[in-house]
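**Student:** Each protein sequence line maps, in turn, to chains R and V.
Read left to right, the first sequence gives residues 5 to 501 (this note's numbering).
Read left to right, the second sequence gives residues 420 to 663 (this note's numbering).
Rather than coming from a laboratory, the hints here were simulated on the basis of the structure.
Heads up, a few of these hints could be off.
[Stated by the list, open to error] EDC-like mimics (lysine to aspartate or glutamate), calculated; alpha carbons at most 16 Å apart, straight line:
1) V/K519 - R/E382
2) R/K357 - V/D526
3) R/K318 - R/E382
4) R/K6 - R/E127
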Amino acid sequence: MKRYMSVWFRHLAADRLALRYPGLGGQVYVLVAPERGRMMIRSVSKAAGQLGILPGTVLADARAVYPDLLFYDDDPAQDKLLQSLAVWCYRYTPVTGIDGDDGLILDISGCAHLWGGEAAYFEHIVSRLQAGGYHVRAAIADTMAAAWAVARYGTTHPVLPSGSQAEILRPLPPEALRLELPVVDRLRKLGLTQIGLFIDMPPSVLRRRFGQLLLDRVDKALGRMPETLEPVTPPEPYVERLPCLEPIKTAHGIEVAIQKLLEGICQRLQQEEKGLRKARLRCYRTDGQQQCVEIGTNSPVRNHTHLFRLFELKIDSIEPDLGIELFVLEAPVVEGLTTQQERLWDLDTGDKKDAVMKLLDRLQSRIGAAAIRRYLPEEHHWPERSIRSVSDINETTSVTWPEHQMRPVSLLGAPVRIEVSAPIPDYPPMLFIHKGKIHKVVKADGPERIEREWWIEKGLQRDYYQVEDEDGGRYWLFRSGYYGEHKPEWYIHGYFA
Amino acid sequence: MKQPAERNEVIARLRGELLSARGPVFSSHSHDYPDLGPLNRAFPEHCFPYQGTHEFISHNSEAAAATLGFMAAVLSRFMKEQETAIWVGAHRTLFPPGLKAFCLVPDRIIFVDLVSEKEMLWVVEECLKCNALAAVVGEIPDIHPIAFRRLQLAVEKSGVPCLLHRHRPRNIENTVCTTRWEIRPVASLIEDGLPGVGYPQWQVALLKVRNGKPGNWQLSWDGQQFQQGNTTSMEEQQVYIKAG
């Protein structure tokens, strides 16, 4: 059974101005904007409304009756305000939408019991909004259209019992069906001043005189035709919510909340054979601010103790300030993880792999994924290009590590120039000077010529020598280019063990 | 009066008890104990207590490379094929293809490159708690004794070996490590008359070993295992140390 709540901000723009300039509270003032060369009243304050000033009046006319009427320029930032109010209402229901330019519509199905029933829920929202300085009317009904009508034109109790919308709508004026002005005018001309007077007429008669729109609106109000709500924030498919009656301020409270949320989401993932790769915790604070922490995993996970340990590292970055009243856990990225896969993991070496994965998840959430890497061989001879850094722990390659190549255990970030004395044309040096120290070469191996790959870059080839000096140090030297054609330079590129 | 055989048995048992009272002991009876070749005799029960903290000290770039090679060789003695090791460091010079010469598969090693020493210690400790790892290698020059104690406790709990490369440390005498080594490169081992550079050879100094005998060896690595060096035998070395 769907239930909707419609909230109508009767003096939204005026209320916003009063919130910004508290001196305006209770004053008679209007907001105006130019329209077709005249200043038209766009919004009125509550006191002005009581005097009979209506939006849509020309400012000059109103001033003729009330010469000391205050007026201000209308600021078209209203949409943003409604947007933020809709996001604020997120603590009461996950689906909130904007309705026209002065209303919100909330899908409250299954939410009200958390506040002790619909009446208490209704009271809570309305009183919070009123305390915030907004003049609101609201209603709860089975359909969006009925809630809309009762919020704006209703005279009875605004929380409609389920299935009663046909009865409640009868005494309301035709405007309550959100009809266009010409249709309403025609209805009034014919004396149909209440919905009840025409609601039972045959559809063909109504359609011929007032168009299909009237019938659609009636059907929507009575729930015979579905109406869709466009949510402000598109809902995440995997989300778990935990509203708190008392604002949470302590780290322990946050821990308990996270544990509860994780248990809930993992149970759902278990049923759907999924595991999450990324989870985001949003904390809605009482002062309207939002705190957000995110974790990522290297493989799909639905073990809530492991996920909790990842979140545990982030708890100290959450600032509860005056308290958090809503926790929302989203899983934006999920992947398939069948129970069979899980069981396989426990059996053989997978158990160890799983433990390593969990360890990496923990490291990653503290130091970032960029600091953790593995290397795989690449099919290049050029030493700097012969390995490839990968971040995925499971990634493999068909390229094998080259055998029987002399490669140093320690490689310098970039080759360093050295001074040598070497016999030409292609003998290893007899001695070389590195960092001001003279090394006398005793033994040498090489050369191993490594060409640059011409399809990647142009430049001189390198002739590598492994040399050992008289103290036993083993070095990897190369000569860039060869004698005769180029002016060769010598470099040290690494140390052998 | 007991029979000599019986007496030897009692002595062996008492020695074992004494050893286990001094700290954790690893039995050489199990098949998968790491074989360090000529070095085995320096350790209690002739078995390298690999599930401990091991410090490797180097003072210059050549020695650092030799130390990395020796560490890789030691690591290959107990790292099994499907296992993973984590290598944590700040200014890593290790070139993964170079590990191939020491019987290690470079892609089984996960590198963590960090700048802050605090973060590095956190990572090393966190990794040591995970007993699915074959080993954790840290390249941290100086560790506060208290931080080191934490690592030692983590190792004792999980049994994951911790190898620490301390390049140019300020102070070396203040830690509670299981073994402390200093490796220097010496002229490579080469068969008579052949040209070129041969198998790497090191002067291995075991500065400290818990319940064992420190010593000094010349060792070479032939691509598969440790070999006795070519100049002086161990007995001669020890005589040499005593004399010196």
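**Student:** Each hint should be assessed against the structure and marked as holding or not.
**Tutor:** How the hints compare with the structure:
no.	hint	verdict
1	V/K519 - R/E382	holds, 15 Å
2	R/K357 - V/D526	holds, 14 Å
3	R/K318 - R/E382	violated, 37 Å
4	R/K6 - R/E127	violated, 19 Å
Going through the hint list in order, the structure does not satisfy hints 3 and 4.
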